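Chains E and F are the protein sequences, given in the same order.
So that you can map any letter, position 13 of the first sequence is 18 in the numbering used here, and since no number is skipped, the others follow by simple counting.
So that you can map any letter, position 34 of the second sequence is 702 in the numbering used here, and since no number is skipped, the others follow by simple counting.
Hints are supplied without guarantee of correctness; some may be wrong.
Unchecked claim - Derived SDA-like pairs (lysine to any residue); straight-line CA-CA distance at most 20 Å:
| no. | chain 1 | residue 1 | chain 2 | residue 2 |
| --- | --- | --- | --- | --- |
| 1 | F | Lys726 | E | Ile69 |
| 2 | F | Lys727 | E | Pro105 |
| 3 | F | Lys727 | E | Leu104 |
| 4 | F | Lys718 | E | Gly77 |
| 5 | F | Lys727 | E | Asp21 |
| 6 | F | Lys726 | E | Thr169 |
Keep in mind that the hints were calculated from the coordinates and are not lab data.
All of these numbers come straight from a predicted model, not from anything done at the bench.
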Amino acid sequence: MTKSDTSVASAVLIMDGDAIRRALRRIAHEIVERNPDLKRVVLAGIPSRGNEIARRIADTISVIEETNIDVGTIDVAMHRDDVGTRSELPIVQASRLPLPLENRTVVIVDDVLFTGRTVRAAMDAINSFGRPARIQLAALIDRGHRELPIRADYVGKNLPTAFTEKVRVQLGDDQGSEGVWLIKEEKR
Amino acid sequence: MTRARESEPTVVSKVETRTDLRWSRKDLLGLRELSADEINFVLDTADAFKQVGTREIKKVPALRGKTLVNFFVEPSTRTKTSFELAAFRLSADVINISVTTSSLTKGETLKDTAKNLQALHADILVLRHSSAGAPQFLAERLQSSVINAGDGAHEHPTQGLLDLYTIREKKGRMDGLHVVIVGDILFSRVARSNIFALIKFGARVTLVGPSTLVPRDFERLGVTISHDIDQVLPTADVVNLLRIQHERQRKEYFPGLGEYVRLFGLTKERAKLLRPDCLIMHPGPVNRGVEIDSEVADGNQSVILDQVTNGLAVRMAVLYLCGGIAT
Numbered sequence: 006m007t008k009s010d011t012s013v014a015s016a017v018l019i020m021d022g023d024a025i026r027r028a029l030r031r032i033a034h035e036i037v038e039r040n041p042d043l044k045r046v047v048l049a050g051i052p053s054r055g056n057e058i059a060r061r062i063a064d065t066i067s068v069i070e071e072t073n074i075d076v077g078t079i080d081v082a083m084h085r086d087d088v089g090t091r092s093e094l095p096i097v098q099a100s101r102l103p104l105p106l107e108n109r110t111v112v113i114v115d116d117v118l119f120t121g122r123t124v125r126a127a128m129d130a131i132n133s134f135g136r137p138a139r140i141q142l143a144a145l146i147d148r149g150h151r152e153l154p155i156r157a158d159y160v161g162k163n164l165p166t167a168f169t170e171k172v173r174v175q176l177g178d179d180q181g182s183e184g185v186w187l188i189k190e191e192k193r
Numbered sequence: 669m670t671r672a673r674e675s676e677p678t679v680v681s682k683v684e685t686r687t688d689l690r691w692s693r694k695d696l697l698g699l700r701e702l703s704a705d706e707i708n709f710v711l712d713t714a715d716a717f718k719q720v721g722t723r724e725i726k727k728v729p730a731l732r733g734k735t736l737v738n739f740f741v742e743p744s745t746r747t748k749t750s751f752e753l754a755a756f757r758l759s760a761d762v763i764n765i766s767v768t769t770s771s772l773t774k775g776e777t778l779k780d781t782a783k784n785l786q787a788l789h790a791d792i793l794v795l796r797h798s799s800a801g802a803p804q805f806l807a808e809r810l811q812s813s814v815i816n817a818g819d820g821a822h823e824h825p826t827q828g829l830l831d832l833y834t835i836r837e838k839k840g841r842m843d844g845l846h847v848v849i850v851g852d853i854l855f856s857r858v859a860r861s862n863i864f865a866l867i868k869f870g871a872r873v874t875l876v877g878p879s880t881l882v883p884r885d886f887e888r889l890g891v892t893i894s895h896d897i898d899q900v901l902p903t904a905d906v907v908n909l910l911r912i913q914h915e916r917q918r919k920e921y922f923p924g925l926g927e928y929v930r931l932f933g934l935t936k937e938r939a940k941l942l943r944p945d946c947l948i949m950h951p952g953p954v955n956r957g958v959e960i961d962s963e964v965a966d967g968n969q970s971v972i973l974d975q976v977t978n979g980l981a982v983r984m985a986v987l988y989l990c991g992g993i994a995t
């Protein structure tokens with residue numbers, strides 16, 4: 006990859022692979038603590054890294070509680086509120102959730118919580134499948150700057166950021182090593 | 669926090685792409701000009717939309733606030749209904765204009781009609797027209813997205829896409845498959861769209877029908893031509909039976925229904941020549957007892973109703989992709 010001529014980006018490592026593992030283990034414990042009836046819980050990842058995080062949390066829960074927990078995926082692209090305003094369309098994917106959702110607790114899982122618009126879209130998508138008893142939210146990183154009245158129930162790390170900064174999350178299925186980086190772009 | 673680390677600049681995107689390809693067309697005029705990657709991209713998108721039909725609430729807000737005009741200058745029920753339902757499921761508003769209600773019968777030109785539609789801020793125009801090239805004519809002149817819903821004997825791209833989707837869904841691939849298309853190829857836009865697309869995916873295509881309706885010219889497209897259906901059926905992976913279009917037939921081209929059935933109809937007896945895993949397709953509406961016997965049309969090799977279901981998903985994908993990009 007070549008560096009751009011007009012700007013230079015610096016990346017600060019916020020969490021390494023071990024820190025991510027510890028944060029997800031804590032989230033798994035918190036989910037167990039808050040949801041005595043784990044059979045009713047569905048972890049619904051937002052593609053693509055939310056899916057991987059949901060899978061890891063489910064793996065951890067299956068170890069600590071010796072019970073399997075349902076995992077699904079929830080596509081938000083077709084529920085976004087900005088179609089027609091961007092030059093590139095988000096790619097839509099099929100949602101997969103165990104049905105029916107009635108009397109269940111759906112935990113939306115995403116890597117980075119930012120404006121909250123993605124989560125709003127995810128809640129709309131879930132509601133089109135049925136009426137779960139409750140919806141909760143887990144995010145590896147909460148970077149602030151909410152534009153909607155949404156907050157996370159489970160947070161891996163609170164990360165104060167500037168609006169223009171970017172947060173990069175790399176997990177095992179991505180290329181390179183695992184970690185969370187804060188990326189600042191400076192004009193030269 | 670651990671120590672800082674220098675890193676290369678990276679584009680941070682929350683949306684993972686399955687392919688690098690991004691859709692950038694405002695119109696869908698035909699499959700001839702699409703690449704195999706673009707077609708696959710539409711089919712992948714259709715996969716996601718197909719699942720919306722299984723939800724309790726079969727509606728997503730993807731095209732909320734957009735207006736779609738179904739402009740059918742030739743009679744059609746299922747294509748029009750399919751586009752209409754696709755638009756509803758994407759939360760678009762729909763106006764239907766058919767030939768009997770259109771000012772075309774009062775002498776207005778196609779271009780004037782279309783300009784009027786644009787003045788109403790129609791975002792997507794779905795056009796069925798008896799003249800080949802009519803959708804392209806409008807696409808070049810209008811800001812709206814133009815979707816070809818069948819133009820003359822030229823192309824019917826969404827039918828071609830739904831046929832491909834159905835084949836890919838049932839067979840898991842397209843390359844190397846032997847696809848037999850039977851019937852009135854000469855006047856068939858469905859056949860053309862299928863041929864253009866199937867060839868791009870490496871399928872082997874054989875056209876079967878009376879020599880008047882399956883001219884040798886088609887060999888230039890890379891297909892094989894046969895006038896003996898019994899010889900072709902045993903190696904087919906897919907048989908696509910085209911509707912005999914009574915309303916378009918001219919006597920000199922067509923042998924007569926009885927003779928057609930005897931020579932090319934997929935009768936119960938003839939269906940025994942097929943491999944058990946061969947798919948039987950038909951774009952509808954089916955003339956039972958002509959192109960296909962009732963028992964065969966309703967048999968377990970028939971995927972005719974899957975085609976209808978898939979058509980809805982494919983049209984949702986096309987409307988989303990063409991109508992969703994900023995113009």
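Taking the hints in turn, this is what the structure says about them:
| no. | hint | in the structure |
| --- | --- | --- |
| 1 | F:Lys726 <-> E:Ile69 | 38 Å, violated |
| 2 | F:Lys727 <-> E:Pro105 | 18 Å, holds |
| 3 | F:Lys727 <-> E:Leu104 | 17 Å, holds |
| 4 | F:Lys718 <-> E:Gly77 | 17 Å, holds |
| 5 | F:Lys727 <-> E:Asp21 | 41 Å, violated |
| 6 | F:Lys726 <-> E:Thr169 | 37 Å, violated |
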